[in-house]
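Asks: Taken in order, these protein sequences are the chains called E and X. Numbering of the first sequence is given in the working numbering, commencing with residue 9 and proceeding in unit increments. Numbering of the second sequence is given in the working numbering, commencing with residue 44 and proceeding in unit increments.
In case anyone wonders, no lab produced these hints; they're calculated from the structure. Just so you know, not all the hints are guaranteed correct.
To be verified - Lysine-lysine pairs mimicking BS3-like chemistry, simulated, CA-CA at most 27 Å apart:
1) X/Lys160 to E/Lys17
2) X/Lys53 to X/Lys65
3) X/Lys118 to E/Lys304
4) E/Lys319 to X/Lys162
5) X/Lys160 to E/Lys21
6) E/Lys21 to X/Lys168
7) E/Lys17 to X/Lys168
8) X/Lys215 to X/Lys168
9) X/Lys75 to X/Lys202
10) X/Lys160 to E/Lys319
11) X/Lys202 to E/Lys317
12) E/Lys304 to X/Lys53
13) E/Lys13 to X/Lys126
14) E/Lys25 to E/Lys317
15) X/Lys118 to E/Lys319
16) E/Lys172 to E/Lys149
17) X/Lys168 to E/Lys317
18) E/Lys21 to X/Lys162
19) X/Lys57 to X/Lys46
20) E/Lys13 to X/Lys160
21) X/Lys65 to E/Lys13
22) E/Lys12 to X/Lys162
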Amino acid sequence: MSVKKLIIKNIIKRPVKTTLLSSMALLMAFAILAGANLSKSLIRGLNSMEARLGADIIVIPEGAQSEEELKNIYFKGTPENFYMDKSIVSDLASIEGVEDYSIQYFLASSVSDCCSAPVQIVGFDPENDFVVAPWIKDNFKGQPGKDEIIAGSSLSVQTGESLKIYGIDCLVVGKLGSTGTGLDTAVYANEETIKHLIEASKEVGLSMVGEKSPDETVSAVYIKVKKGYDISVVSSTININFKDRVEAVRTKSMISDTVKRLDDVSKIIYALVTGIWVFSIIIMGLVFSVSIGERKSEFALLRAMGFSKIKIVSLIFTESMIICLIGSVLGIVLSLVIIISFGNMIEGYLGLPFLLPNFLNTVLYSFFALFITVLTGPITASISTMGVCREDIGNALRR
Amino acid sequence: MIKVNNVSKKYTLKNREIFALKETSFSIEDNKLTVIYGKSGSGKTTLLNIMAGLLPPSNGSVSLDGVDPYLLGDKELSLFRNKNIGYIPQGTSSVSSLTVLENVMLPAIIYEPNDIKEKAVSLLKDLGLENLMDSYPAELSGGELRRVSIARAIINSPKMIFADEPTNDLDKENTEFVLKLLKEKSREGMSVVIVSHDEAAMKYADDVIRMGSIQ
């Protein structure tokens, strides 16, 4: 027999109180960790998106749909095809303020090709590209050869397997890490391969480039602006000079809507977490207050036996800490399971880039949620207990 | 020796002073069973609680073997209570989450781990509770709970036992049993102070302190 046994039996022998309090702790820990993970995932998704855009200006074919189609590729992972005349590339290079440029080709596979849904194929020049190539280098050493592709993280295909695209077997030579953007559902190929695939799409009657040769078209030109030049001025110059041919979009303006939506979603998350936290504190406070009030004469009896005020407070503090610890651990496990299992669904629902925090950050957030929850309950309980301890033992025993 | 010097207790209620105990002085010798006898409302329980170090008096002082408990800090007073005082409360107070045996052992393990089980079992046997050791307080009758309170009060072999109406609501058989037991403890060297309005307690008393009603 020890005081520890008294604590454990107080927890076990009051199942209603224990269940209610640990449920509140579960809710609190769940909300704090889920909120932190959601918020961080959205911020990481946006940062990843900015890094993937990797240029100051993106030039795409002129037309109302092009910018939306580009956003679809990045934000939703919806495959798109759009092309413009390649002669624009040298014209753009001659614009004052343009430091460097990369070209990309976009091709959507057909549904029947390889996967349950069309896949975006992104063509780039591994030698000169500054947008996709550095990211790919982080995950794949070497360069993809002819009819070789590198797959995005969300595709189920593995390195060494093949994807048949427009009748051509493309060998998967590498797999990329997750970016939390629509690019995770794309595959990446060099110029030779993408041109081969565009030709193949023509042969099956699904060409989007019309009668033109793939050598005469590009989908987008990514521009880096020289230091000291105003990006918006360079962008306007392109739009004025090539008004009917192309449209220059500042990458920052492309994600400005996303930044605003992310800001709105973050505010809702913070408000929900704060609301749940306050609600849990109120319920915990009420439960502790009622439970400790009911045990007034028991505490008086313990004090008559020789428990000091500090021993009583410490008894209740430990009791409530164990209850909150059980609830918190369950809440953290539940939160991690839901966030990890339904991350893609949340991403789809919010329509925002979503990249889960790394392991270290997840562990830190879990400890933070545990710390806040495990302390909130005992502090609430101790405040109620201190009130009870102030009463004279003799008077409390007579009730 | 228990000394009570000019002790009184008053409460203030809506700017009005209410006396729970008028100024009282007396001494109780060691190893005796003393009954504080009086009608309801005479301040018996208030006096007992003051003597047991559970209720600070408004005026006066108490000396328990030369120690004024109200000059001690909470930590020291709690330790003093644990080592020197056995208190039997009015009613059926007990720790509901612990078994009868655990309730009895509790005072002995507050300050240090103590292998007290054998003594507790023996006490419960003496009190006729050996079959209820693993029962919980909610499963016991009033008389049984009172006997548990007595066992708990004497487990640490205190110098003083304070019992508040220990025979209240008990049948004749249980009343005799409890009073005999407390008398036995006084003979074993404990000073026993009983507050009672039960005439049956008088025949076991070495001394009687009669309290009048408070006007």
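Asks: Compare the structure with each hint and give your call.
Replies: Cross-check of the supplied hints:
1. Taking the CA atoms of X/Lys160 and E/Lys17, the gap is about 18 Å. The hint holds against a cut of 27 Å.
2. Between the alpha carbons of X/Lys53 and X/Lys65 the distance comes to roughly 8 Å, so the proposed pair stays at or under 27 Å and holds.
3. Pair hint X/Lys118 plus E/Lys304 holds up; C-alpha atoms about 20 Å apart against a cutoff of 27 Å.
4. Distance restraint check for E/Lys319 and X/Lys162: the Cα-Cα separation of roughly 25 Å lies within the 27 Å cut-off, and the hinted pair is therefore satisfied.
5. Straight-line distance between C-alpha atoms of X/Lys160 and E/Lys21 comes to about 22 Å, which keeps the hinted pair within the 27 Å bound.
6. For the hint pairing E/Lys21 with X/Lys168, the CA-to-CA distance comes to about 26 Å; that is within 27 Å, so the pair holds.
7. Pair hint E/Lys17 plus X/Lys168 holds up; C-alpha atoms about 24 Å apart against a cutoff of 27 Å.
8. Under the criterion of a C-alpha separation no larger than 27 Å, the hint pairing X/Lys215 with X/Lys168 is consistent with the structure, at around 21 Å.
9. Simply put, X/Lys75 and X/Lys202 have alpha-carbon atoms about 11 Å apart, close enough for the 27 Å limit, and the pair holds.
10. A hinted pair counts as satisfied when its Cα atoms are at most 27 Å apart, and X/Lys160 with E/Lys319 qualifies at roughly 23 Å.
11. In summary, the hint linking X/Lys202 to E/Lys317 is supported, as the alpha carbons are separated by about 23 Å, within the 27 Å threshold.
12. Using a Cα cut-off of 27 Å, the hinted pair E/Lys304 and X/Lys53 holds, with the two alpha carbons roughly 22 Å apart.
13. Restraint check for E/Lys13 and X/Lys126: the C-alpha separation of about 21 Å stays at or below 27 Å, so the hint holds.
14. For a cut-off of 27 Å, the pair hint linking E/Lys25 to E/Lys317 stands: about 23 Å separates their Cα positions.
15. Pair hint X/Lys118 plus E/Lys319 holds up; C-alpha atoms about 9 Å apart against a cutoff of 27 Å.
16. Using a Cα cut-off of 27 Å, the hinted pair E/Lys172 and E/Lys149 holds, with the two alpha carbons roughly 23 Å apart.
17. Between the alpha carbons of X/Lys168 and E/Lys317 the distance comes to roughly 33 Å, so the proposed pair goes past 27 Å and is violated.
18. Taken as a hint, the E/Lys21 and X/Lys162 pair is honoured in the structure, with Cα atoms around 26 Å apart against an allowance of 27 Å.
19. Using a Cα cut-off of 27 Å, the hinted pair X/Lys57 and X/Lys46 is violated, with the two alpha carbons roughly 33 Å apart.
20. Note on E/Lys13 and X/Lys160: the hinted pairing holds, with a Cα-Cα distance of about 14 Å set against a maximum of 27 Å.
21. Only pairs whose Cα atoms come within 27 Å are accepted, and X/Lys65 paired with E/Lys13 is rejected, the gap being roughly 43 Å.
22. Restraint check for E/Lys12 and X/Lys162: the C-alpha separation of about 21 Å stays at or below 27 Å, so the hint holds.
Of the hints listed earlier, those the structure fails to meet are numbers 17, 19 and 21, in rising order.
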